[in-house]
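Based on the sequences and whatever the hints tell you, model everything.
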Amino acid sequence: MKYKVNEKGYYGDFGGAYIPEMLYPNVEELRQNYLKIINDADFQKEFHQLLKDYVGRPSPLYLAKRLSERYGANIFLKREDLNHTGAHKINNTIGQILLAEKLGKKRIIAETGAGQHGVATATVCALRNLECVIYMGEVDIERQAPNVARMKMLGAKVVPASSGSKTLKDATNEAMRDWINNPVDTHYIIGSVVGPHPYPDMVAIFQSIISEETKKQLLAQTGSDQPDYVLACVGGGSNAMGMFYHFMDDENVKLVAVEAAGKGVSSGFSAATTYLGKEGVLHGSRSILMQTPDGQVVEPHSVSAGLDYPGIGPQHAHLFKTGRGQYVSITDEESLDAGLLLTQLEGIIPAIESAHALAYLEKMEFKTGENVVVCLSGRGDKDLDTYIKYFKL
Amino acid sequence: MNRIKQLFESKKNILSIYYTAGYPNIGDTIQIAEALEQSGADMLEIGFPYSDPVADGPVIQASSKQSLDQGMTLKLLFEQLKDLRKNVTIPVLLMGYVNPVLQFGVENFCKACAEVGVDGCIVPDLPMVEYEEFYKGCFEEHNLSNVFLITPQTAEERIHKIDGLTNGFIYLLSSSATTGKNLEVGDTTETYFSRIKNMHLKNPTMIGFGISDRKTFDKACSFANGAIIGTAFVKAIADGNLKESVSNFMKAFKD
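Read top to bottom, the protein sequences are chains H and F.
Residue 393, in full-length UniProt numbering, is where the first sequence stops; the numbers in between run on with no holes.
Residue 255, in full-length UniProt numbering, is where the second sequence stops; the numbers in between run on with no holes.
Everything labelled a hint here was simulated from the structure, so no lab data went into it.
Here are the computed distance ranges between Cβ atoms for each label pair:
#, chain 1, residue 1, chain 2, residue 2, range
1, H, K106, F, T89, 48 to 58 angstroms
2, F, H142, H, K4, 30 to 40 angstroms
3, H, A145, F, T89, 52 to 62 angstroms
4, H, K106, F, A155, 19 to 29 angstroms
5, H, E279, F, G71, 19 to 29 angstroms
6, H, L384, F, E190, 52 to 62 angstroms
7, F, A114, H, V184, 34 to 44 angstroms
8, H, V184, F, H142, 36 to 46 angstroms
9, F, E141, H, K106, 45 to 55 angstroms
Far from chain H, by Cβ distances over 12 angstroms, these chain F residues were calculated:
#, residue
10, K136
11, D218
12, S222
Cβ atoms here follow ideal geometry from the backbone N, Cα and C, with glycine treated the same way.
In structure tokens:
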């Protein structure tokens, strides 16, 4: 358990709750209750029932034969793309909506980048009949139009964030401002392992179902529950944390986190946080973030809206700093090419976010028989426009 | 000698004005401070801008962005403030978010504040526990007051803890809100203000967020030692002749 959160809300040097006093009662209410609620037997029963019957879990662990041939190792894909709403995001929103109900909240707010978390939040709000407001950057509203339509169909109000870079970071700011102004009846469903303690821990716990299942599936398929490598893409880092969670203390399992290099790490248009960032405070926690020497947050770039974030969750910062995780990056073009490759070799169109993790396989060297798990965090339907433009389809 | 303490001992109905450094023009910081003192402000809160000001509403967000776009940094601000104490005698606090302070270095920040004659700081996203553990020693060494915020939702026990940790004043938010919302003093706000007044805290209190004119200022003063105006002032100096804008805005507060 050496990589888990301590009683003060820190992972090594990272974490904490850097929030204005207006948010203190909300966050403190969560901190005091989240573990008690999550560990309650009735909560667990309802959570797992919904994951099974509504989300469609367990998601398959698929041995991708043609991909395995190409790389000379056993490549397993954890198929989070097959979840209801098309990505891993729903694992967390199911958990948080049940928790919000237990806290007596009547109104749900969330931020979204690619729209996957927004859709997953709007979905559970429809399911449980709660008011839903989603903050989304103006730029993302444009490049993820189908998801905006889905959220509206689900009954959510989509509010454009028009400050700053008009992407995920600014949507998060707007959601925090909403929460400050509505402190009593509203629960903020943060979509990644970011934000003030206890959010990074809570979201990681809900997403840890990914590695919990993977271990069982690996054991059944390979005879061992420990692969050689586990790969996942990282924006804020929620699918990666879910994928790493039950492997963190298995020190012989190598954890590979793939960030978005955008147009190249040195191009000025990148979201490769561990490469470009420094320690600091963003959105309520101490972590690693892209910033100027004066401490102003730098606007990131990635072709993938879900990775277009200038920070990473505090637990990732800790895995990076301690060397437990290897943090690498993949460019826009490399990810799009990897997306097309998976489509043509396996008949699966991946989200461009997930394609970043797949693209890194090209840069690795494997020994025969090594087992590699890649988290296929989402499907690519929402990205068709980007694929169409890039490949001139 | 601490200017904040002196002010509260000698005066009632204190008017504190917030403005963003480097706004509307990058070089306006000192000029505004001097104009405000000349027109009767009792205390100043100079905002150092941050790219992601989550506690602020649209007006202060926009002023922060404009200031940053014009090149404002903490380093530049301290250079501008070198001459602060030539013509400004009232207490001055710096207000901003924690990340620029972290990058500047807490020790360097405190030292620079003391050198230019800044009397205290308000850093809304700096948690009390972090302040106590890592900042307090340094702040006290440089005779800086650290001001904490409380809201209608802040528990009594926590208010007492804050009262014990600070030595300037306590910043009473009229409601849980981002900056720039109008103050509507209804029964619940009055109950809250009275509750705080009756706690007989060791520190004086200032009411902020939603104070925009003489009427709301006077109302706030009946519950606290004074009030803070931010958004309304930042709006008032957006364009036109700076000195005139400042003195016109302040006229309403002359007795």
